[in-house]
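K.L.:
Here are the chains, one letter per residue:
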Amino acid sequence: MIKEYHNNIEKVKNIIKKLNEEQINEQKASEIHKKGLKVIKNTKNSLDIGEGTIKLLESNKKVKKD
Amino acid sequence: MKKIEEIGNELSIPKEFIFSVTEINQAISEKIEETHKIQNTYVLGEITNLNKSSKGNFFFNLKDEKSLISCVLFNYKSNKIKTEINEGEEVLIQGSVGYYRKKGELSLKVNNIYPVGIGKYYKQKKELKEKLKKEGLFKSEHKKEIPKIPEKIGIVTSTKGDAIKDIVKSIKDRYHEVNILIKNSSVQGEKAPQELVQGIEYFEEKTDVDLIITGRGGGNIEDLQAFNSEELARKIFNSKKPIITGIGHKEDETIAGLVADKKTITPTEAGKEAVPKKEELIENLDKLEKELNETYKKFKKIKKQGKEIKKEKKSLKTMKVAILLLILIILILIGVIL
Chain A
1094 MIKEYHNNIE
1104 KVKNIIKKLN
1114 EEQINEQKAS
1124 EIHKKGLKVI
1134 KNTKNSLDIG
1144 EGTIKLLESN
1154 KKVKKD
Chain B
5 MKKIEEIGNE
15 LSIPKEFIFS
25 VTEINQAISE
35 KIEETHKIQN
45 TYVLGEITNL
55 NKSSKGNFFF
65 NLKDEKSLIS
75 CVLFNYKSNK
85 IKTEINEGEE
95 VLIQGSVGYY
105 RKKGELSLKV
115 NNIYPVGIGK
125 YYKQKKELKE
135 KLKKEGLFKS
145 EHKKEIPKIP
155 EKIGIVTSTK
165 GDAIKDIVKS
175 IKDRYHEVNI
185 LIKNSSVQGE
195 KAPQELVQGI
205 EYFEEKTDVD
215 LIITGRGGGN
225 IEDLQAFNSE
235 ELARKIFNSK
245 KPIITGIGHK
255 EDETIAGLVA
265 DKKTITPTEA
275 GKEAVPKKEE
285 LIENLDKLEK
295 ELNETYKKFK
305 KIKKQGKEIK
315 KEKKSLKTMK
325 VAILLLILII
335 LILIGVIL
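If you're matching them up, the sequences are chains A and B in order.
Residues in the first sequence are numbered from 1094 upward in steps of one, following the numbering used here.
Residues in the second sequence are numbered from 5 upward in steps of one, following the numbering used here.
Wrong hints could be hidden among the right ones.
Using 30 Å as the maximum straight-line C-alpha spacing, the simulated DSSO-like pairs for lysine-lysine come out as follows [said to hold, decoys possible]: (1) A/Lys1134 x B/Lys294; (2) B/Lys291 x A/Lys1128; (3) B/Lys84 x B/Lys129; (4) B/Lys176 x B/Lys276; (5) B/Lys301 x A/Lys1131; (6) A/Lys1121 x B/Lys266; (7) A/Lys1128 x B/Lys152; (8) B/Lys124 x B/Lys266; (9) A/Lys1110 x B/Lys281; (10) A/Lys1128 x B/Lys302; (11) A/Lys1111 x B/Lys291; (12) A/Lys1106 x B/Lys311; (13) A/Lys1111 x B/Lys307; (14) A/Lys1128 x B/Lys305; (15) B/Lys308 x A/Lys1134; (16) B/Lys294 x A/Lys1137; (17) A/Lys1104 x B/Lys148; (18) A/Lys1106 x B/Lys294; (19) A/Lys1137 x B/Lys124; (20) A/Lys1131 x A/Lys1121; (21) B/Lys311 x A/Lys1127; (22) B/Lys318 x A/Lys1121; (23) A/Lys1111 x B/Lys282; (24) A/Lys1134 x B/Lys301.
It is worth saying that the hints were derived from the structure and are not from the lab.
Here the structure is a predicted model, which means the values were calculated and not measured.
Make the full structure from the sequences, and use the hints.
P.N.:
Right, here's the structure in full:
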């Protein structure tokens, strides 16, 4: 379960909010922009959650692996 | 009476063989009333042509393969009967055969109705529903949260039916990488409730699944009986893992569904509720990335504009000083000349 997905979305939304408020300097803006991009990239990667296996427990035999 | 006697004489028929309608109906009625076999007896059959009068009396036929009999259940009796009276249900009726002399109609006067066959299941389900409702098992506050993106899902159903194919397909269509564990179980018959409970317990205790789905395809109330069992309902309620049910078709209501953390109307729907569409999750992130980049671009643009304005302000200030100096020099020169 990726509990972080929705939290990460919120994090990026907060970064966007800060950038819109323009209260930060350029260096800080660049830093949080990069941080936002990194969060998005990591979140995308975390969506690859499994191997997509289907396992029948009765026989403990993997019936399919995608 | 005189008329009957005259006709008897005329036709040479002994008067004791000729009856008025009232007399014959009375004779039938008396005969029926003195026949113990059909008084306070039990009759098994299926309810058809059910009608309820404005006064609350029920009129229906009770039939089997070869015959039918009219039945009447008066309102003062029906109030005491706990069984639901439904068209097409097989029931055992306790009553007495009576004869309505005025109209020459024979009917079974109902004292009590006992559900048998399918009717029995309706009654059991209704009683259990009321009991569990009173205990609060259906309340939304007891529902466990369904994980938004489960990595591993456990399915308890029959591996022989179509339900398992439907659940797996709908999960895979939406989120291919989700791992699925399947625990085979009967979904109807005597052993089904216990096997379904064991399947849930197995996932609870021996696996790290995030979510459990249980269900089966459609069927009549007898087929769905396992999902109306108290044993399964309590297991679902007490489960440590969230449970989604996908049982039957649209119109099927089961106790398991009412207790479940999420009830869906078919196995396919259960799969859909279990996982989001991965494509949509990625789309959301793509949109967010675009918004982030555009906002940053806008930020930089605004900052750049701010700098330019500042620069312009500075040069304007310098120009102002130069002009003032120039004016001052001019004034000094004028003063010198004068």
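K.L.:
Are the Cα positions of lysine 1110 of chain A and lysine 281 of chain B separated by 30 Å at most?
P.N.:
Roughly 27 Å separates the two Cα atoms, so the pair holds.
K.L.:
Could you grab the alpha-carbon distance between lysine 311 of chain B and lysine 1127 of chain A and see if it respects the 30 Å cut-off?
P.N.:
23 Å, holds
K.L.:
Between the alpha carbons of lysine 1111 of chain A and lysine 291 of chain B, is the straight-line distance 30 Å or under?
P.N.:
18 Å, holds
K.L.:
Tell me if the straight-line CA distance from lysine 1128 of chain A to lysine 305 of chain B falls inside 30 Å.
P.N.:
The hint holds at about 20 Å.
K.L.:
Is lysine 1134 of chain A within 30 Å of lysine 294 of chain B, Cα to Cα?
P.N.:
Distance ~13 Å between lysine 1134 of chain A and lysine 294 of chain B Cα, so the pair holds.
K.L.:
Given the hinted pair lysine 308 of chain B and lysine 1134 of chain A, is their alpha-carbon gap at most 30 Å?
P.N.:
28 Å, holds
K.L.:
Between lysine 301 of chain B and lysine 1131 of chain A, is the straight-line Cα distance small enough, at 30 Å or below?
P.N.:
17 Å, holds
K.L.:
Taking only the CA atoms, is the gap from lysine 1106 of chain A to lysine 311 of chain B under or equal to 30 Å?
P.N.:
27 Å, holds
K.L.:
Does lysine 1137 of chain A lie within 30 Å of lysine 294 of chain B when you go C-alpha to C-alpha?
P.N.:
Within the cut-off at roughly 14 Å; holds.
K.L.:
Next pair to validate is lysine 124 of chain B with lysine 266 of chain B; report whether the Cα-Cα distance is within 30 Å.
P.N.:
28 Å, holds
K.L.:
Check whether the Cα positions of lysine 1111 of chain A and lysine 282 of chain B lie no farther apart than 30 Å.
P.N.:
29 Å, holds
K.L.:
Hinted pair, alpha-carbon criterion (30 Å max): lysine 1131 of chain A, lysine 1121 of chain A. Please report holds or violated.
P.N.:
15 Å, holds
Hint compliance for this structure: hints 6 and 19 are not met, and every other hint is.
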